[in-house]
Amino acid sequence: MIWVDTIVQGIMLGGLYALFATGLSLIFGIMRLVNLAHGDFMVLGAFAVLVGVESLGLGIIASAILAGAFMFVLGYALQHLLLNRTLGKDLLPPLLVTFGLSIIIQNGLLEGFSADTQRLKAGGFEEVSVQFGAISVGAMPILTFCSAVVVILLLNWLFYRTETGRAFRATSDDPVTAQLMGIDNNRIFSLAMALAMVVVAIAGLYLGARATFDPLIGPSRLIFAFEAVIIGGLGSLWGTLAGGVVLGLAQAIGAQVNPEWQTLAGHIVFLAVLIVKPRGLFPRTAG
Amino acid sequence: MALLSTNGLTAFYGDFQALYGISSEISEGETVAIIGANGAGKTTYLSALAGLRAAGRSMIEFDGSQIGGEKPARILSLGIAMVPEGRRLFPSLSVEENLLVGNYGRKAKGPWSLEAVYRLFPILRERRRQNSSSLSGGQQQMVAVGRALMSNPRLLLCDEISLGLAPSVVKDIYAAIASIRASGASVIVVEQNINQALEVADRVYCFLEGRVTLEGSPVNLTMNQIRSAYFGG
Amino acid sequence: MIDSAKYSVENSTRASRIALPVLALVVVALALAPLAAPRSVILDLFFVLYLIVLAQCWNLLAGYGGLVSVGQQAYVGAGAYFTYGASILLGLDPLAAVVVAGIAGAALSIPTALVVFRLQGAYFAIGTWVAAEVYRLIFAQWKDLGGGTGTSLPSSVAKGMAGVSWTKSVLDLKTSAARDVVSYWFILALAVLVVGASYWFLRSRRGLALSAIRDNQAAAESVGVDVVRSKMAVYVFASFGAALAGGIIFFQKASITPDSAFSVIEWTAFVFFVVVIGGIGTLEGPIIGAIILFALQNWLSDYATWYLILLGAVASAVMLVAPKGIWGFVQAKYDFSIFPTRRRLIGPDTPVPDYTRPVQELATPEPVGIRGSDIRLEEPMFDIETDVLIVGSGPAGGSAAALLSAYGVPNVMIEKYSWLANTPRAHITNQRTMEILRELGIEEDAIAKSVPQELMGNNVFCTSLAGEEIGRLLTWGNHPSRRADYDLASPCRICDIPQTLFEPIVVGKAMEMGTIARFKTEYVSHSQDASSVVATVRDRVADQTYRIRSKYMIGADGAKSAVAEHLGLPMEGRMGIEGSMNIEFEADLSRYVAHRPSVLYWVFQPGSNIGGIGAGVIRMVRPWSKWLSIYGYLVEDGPPELTDADAERIVRQLVGDDEIPIKITRKSFWTVNNMSARRFSKGRVFCMGDAVHRHPPSNGLGSNTSVQDAYNLSWKLKLVLDGKAGESLLDTYNEERQPIGRQIVARANKSIDDYRPIFETLGLTDPGSPEDIKRRMEARKQPTIEAEARRKALNRYIRRKSYEFNCHGVELGQRYASQAVIPDGTPEPEFARDRELYYHPTTWPGAHLPHVWVEARKKKVSTIDLAGRGRFTLFTGISGSGWVEAGARAQAEFGIEIRVIQIGPGCEISDTFGDWALASEVGDSGCVLVRPDCHVSWRRRELAANPSEALAGAMRQILAKR
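Protein chains in written order, with my numbering: chain U, 1 to 287; chain S, 288 to 520; chain L, 521 to 1482.
Chain U on its own, in the form it takes in the complex:
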């Protein structure tokens, strides 16, 4: 029974990692940008919600919406003004510039909020749990997982059912020809980053609501996000969800064996997947 419980917890944890990973997967898929500041953006999102709740006195939902809007604008501006200039064949510029952003965000947050541990309070919701027979599952993890599914559904709708989504996919396939269709690459990339940042804000919300956070935890969360993306492969966002679940399961099972092995187990499964299937479990097939 304990193992069933562990597996359910692992899958739920996978939902959180999928949320972490979706924004990253989005921008890597569309513009091949490796964003080393992604984890710090999530932390920034969590702080944005915190500001809404604690300084502006808003409810957590209203704060999250505001944070989403803020991150959307920030993402658009960053991509438009800075990150578009790093794109190209060379891997170094995006790596270095996002590394720089990571350090700037971490230290900016330290300057503004100190190194204290923070937590987003969801009004007691985090205490609620749902009973499934003998297993009890927290309402918050279930909500997280459902949010991940909803986010992916929405993004898939956007990608496959809207004109903008087609433009994203066309640009990802062939940026030069996309221009001939009247698609402005810079605008599309900026829009993609803005969208990804909305997802990041949602991820930040759950990051802050499910556990404590401080300005410096971004990099470790970034690694989880990367692992989920790469385990899943770049075929689809559902692959990313699957990657998150695999990672979550690995961590939960590892923790069950020895609490200190939680993270380690995740890393080892990640490396194992890379050795066996370097392009992930669900790689992109056509093109």
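Incorrect hints may have been included.
[Said to hold, decoys possible] Simulated coverage check for chain L against chain U, where a stretch passes if three residues somewhere in it have a Cβ under 8 Å from a Cβ of chain U: (1) 577-590; (2) 798-806; (3) 839-853.
[Stated by the list, open to error] In the PhoX-like style, the derived pairs of lysine-lysine whose C-alpha atoms are separated by at most 25 Å in a straight line are: (4) K1312(L) with K1301(L); (5) K844(L) with K89(U); (6) K1301(L) with K458(S); (7) K751(L) with K89(U).
[As the list claims (entries may be wrong)] Taking CB as the label site, the calculated pair distances span: (8) E1298(L) with Q512(S): 25 to 31 Å; (9) N325(S) with A69(U): 36 to 42 Å; (10) A69(U) with S310(S): 51 to 57 Å.
For the record, the hints were derived by calculation from the structure and aren't laboratory data. No residue lacks a Cβ here, since even glycine has one placed at the ideal position from N, Cα and C.
Given the structure of chain U, go ahead and fit chains S and L onto it with the hints provided.
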């Protein structure tokens, strides 16, 4: 008045000059063919018109305004669409999505719609859900032409659309070009195949090493004139 | 032809010559700093130095190896933890512990590399980071070292250290300060080691290959295994450096936690910034970056977070605005370099990489006895002694043996295999080679076994031998307009002799004249000192090794030369560009070739352009029954499995006949290479032939150039061995032949590229069904303008192949510039025609003696017959009688034979046709001095005021007698 004209259009690849001051024009409803040997600068010329290569602002004029060096997106929105060499379809998009993405940057009223493209190339309707990479070369070329038509362009640029296709397929494609002309659009075709070009065009420009060596209507040109323009000397 | 200005080779920049001594002074000053500087300064310097070490290691990885790692903290942390483990738990002296930790860190990097090397680009970056996290989590489980909370270094550990207590007493310091000083010295030494090793590595062949790979990713993909090995070496070295640095850093800090030891910010992000700001891909950049980072940190020391924000911003800005960093900017602007690694120039005697040397080798011949434990003391010192040892019996080695024996130089030739060439390989034998055979007295033997010029030249381009002929090019001087060029250039004629027949003639002559040849004897290793070379060789029959001591050694052991490798000759270019197979077969093809006899038939079919030497080839080996097909394969895929049936299918496809009887006799695989050595010799060892110029058979230059290498070196060895010339005469071998080697390697590879447009024009390269291809091939036959354009283009491209098959200027027009050639102040004569296609005879010093026919006692002789043969020759006219005495005096003074030949009416030699008067380019009283290898080394237009002095001066310079 000319719909589009180039005035002393030049282009460079690093130190190598590909175009040495091309002056040309095309009127509303006209079909112009650009012929010339490999490396004559034909594709460079089209790329400059489409905004894929840098050009001086005054070097290209379209419908009374100077558009040289504009971004491709802006040029498309004005009504110049291009069928690029080698088709360049989007592999992760279906046939229909490839067509639909064609009017992303310009939604103009006109004869062309998804329905109209399917009427022009009925085979595409059957294949609409398929991945574009599963089509034959000729069918891919149809998608590429249809994609460009979706924006209802006033001027259509076609780069080597017969390249690598079987003769019967080339015939089909050029039959479509005839319907496109009939719909009122102007067309510039770049062609290796001179007979094909002479057949379809109202006027012909021959390029040699980045310069125009001959210009005229096919009915007034002799094969000898074309030969000497093509080879020089 | 050689233009000394163009080819002059520099091994350093002016800046580097000034900067390196300055740098040495700085290092000494830094080493002495603890005597005067306060502890805080030492700690600052410690910080800068460890940043330099880490940055340099990361720069090697990312800047040169293209391995953008975000996980080097793995090795810093591991090094730190191993140091603590070894000193606290094992009680090792901490400095020894650091070294152990460095080795352990390097060892750890190997399995890690096996995992992360499977990833590329961004995936690699993330994979390395995850690997580092894995190590962090594992080390956090090490309970003896405090687990997740870490531990500190007990003060007793440092106190007990020998280094610390010595420093304490000498500098009169407390324990903690002494520990800082010891750490500082260690990191200084490490910094010097890392920078120096990087410098050495980047200038080595492997390092240059690595830079080349970084600059051209496409090239990297086709080179294969060697790249992976080089990258692996870099990764292990960088990890070793990081682990050593980690060990000493945490020894100095005296406490450790997993988070601090494996900090991605501290050990990777900062390092990343340092390298980018300073200048990635340069050795100077990381040093400058470290200093800048230190300055920034000091300046903003009170505002830690703002400092980091600024650092991130500055690094990002540098990346976007000046991606080559500060040093890259300086270099671009002032062309200034302290550590010149990027120039492809000869290094100053780069040390021989040790890994290439077998361990059993003796370091030097003399100090053998010093090694007390060396049991070989009992054995005779050397089994064989000779003047010149020649390794290899191919065209280069065989000719060297024959020429040395002809000159009377004792020589031993060893050959790895039991007999000479067993496959036809080289065959085109050009006029220069024939001239040398003529001098050796074996021209007639060679002609008897050859296919003559007339039957060589209907070079056919076809879709198959039985199929359509696309075009034909009269080659090897068979076009009437070229025939005269060939006839006028030499007393000898070009011909075709398969290597299987050529080698026995040359080697037989060598042995007849005294060469001692040992077959089945493999070169193993060598060492040299100031007076001799000792080679260890293995007798493969008795399986015994023995040693041969010689005064000089020649490495003529082919494209896989072990001699060149052991010598560490710097190479440029790549091996294994394309794969190729030789299929020898017997078939009577006369019905297809009788109307167009040739040595080569080129087949253009879909697929015959893949790999190989540009197109499929059917080569005549013996007319018209023995043949050789050359067909390519993709070198990335490795040699294919090839049964006789497969081979027959390929041959039939090229011949285009399913009926004719074909017997496959042999199959072999080889690769197209594009590599030449930047030096041909080092010390007393000289390499020649394919050992130093490796290229495809196109242009038929391989064995010809090899023979000429031998001709160039042999007389020089003779004169130096006899004490008649200074040793520096031998340096001219490298100066004269290296540019030729490079030229022909480039020419032969260019000739392969020239096939591509033919395939393209025929429409064979575009994809499509066989019908599509057939349609495109037919397209050129239409009466249309496009078809006409195709026909014209095809004609042009086929004519361009004259650069492969009628390349007379490259074959004969080699000119030398060196100490052994004395310019006469006149500019190099204009090339009236294309210098590659046409030979331009001249007596301009450095050029080959022009051939004209003159008469001696009613017999036609060539000027070339009059020269050579191991002696100097001085040509003059009747008015040049002054030179006769000058020649006699010089002969007496230098003790070498100088034959003075007066040409004119009434003289022994008469210029019956009047050709010499024109060809000599000097007046009747002038003179032309010709070296034993028939190259002009000096000339005077008129009689000198003091001919004896003028000639003696010239001889002194040529013979390097000063």
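Status of each hint after checking the structure:
1. 577-590: holds (count 3)
2. 798-806: violated (count 1)
3. 839-853: holds (count 3)
4. K1312(L) with K1301(L): holds, 12 Å
5. K844(L) with K89(U): holds, 15 Å
6. K1301(L) with K458(S): holds, 21 Å
7. K751(L) with K89(U): Distance ~20 Å between K751(L) and K89(U) Cα, so the pair holds.
8. E1298(L) with Q512(S): 25 to 31 Å: Once the Cβ atoms are compared, 27 Å apart, the range 25 to 31 Å for Q512(S) and E1298(L) holds.
9. N325(S) with A69(U): 36 to 42 Å: Between N325(S) and A69(U), where Cβ atoms are some 55 Å apart, the hint is violated.
10. A69(U) with S310(S): 51 to 57 Å: Holds - the Cβ-Cβ distance for A69(U) and S310(S), about 52 Å, lies within 51 to 57 Å.
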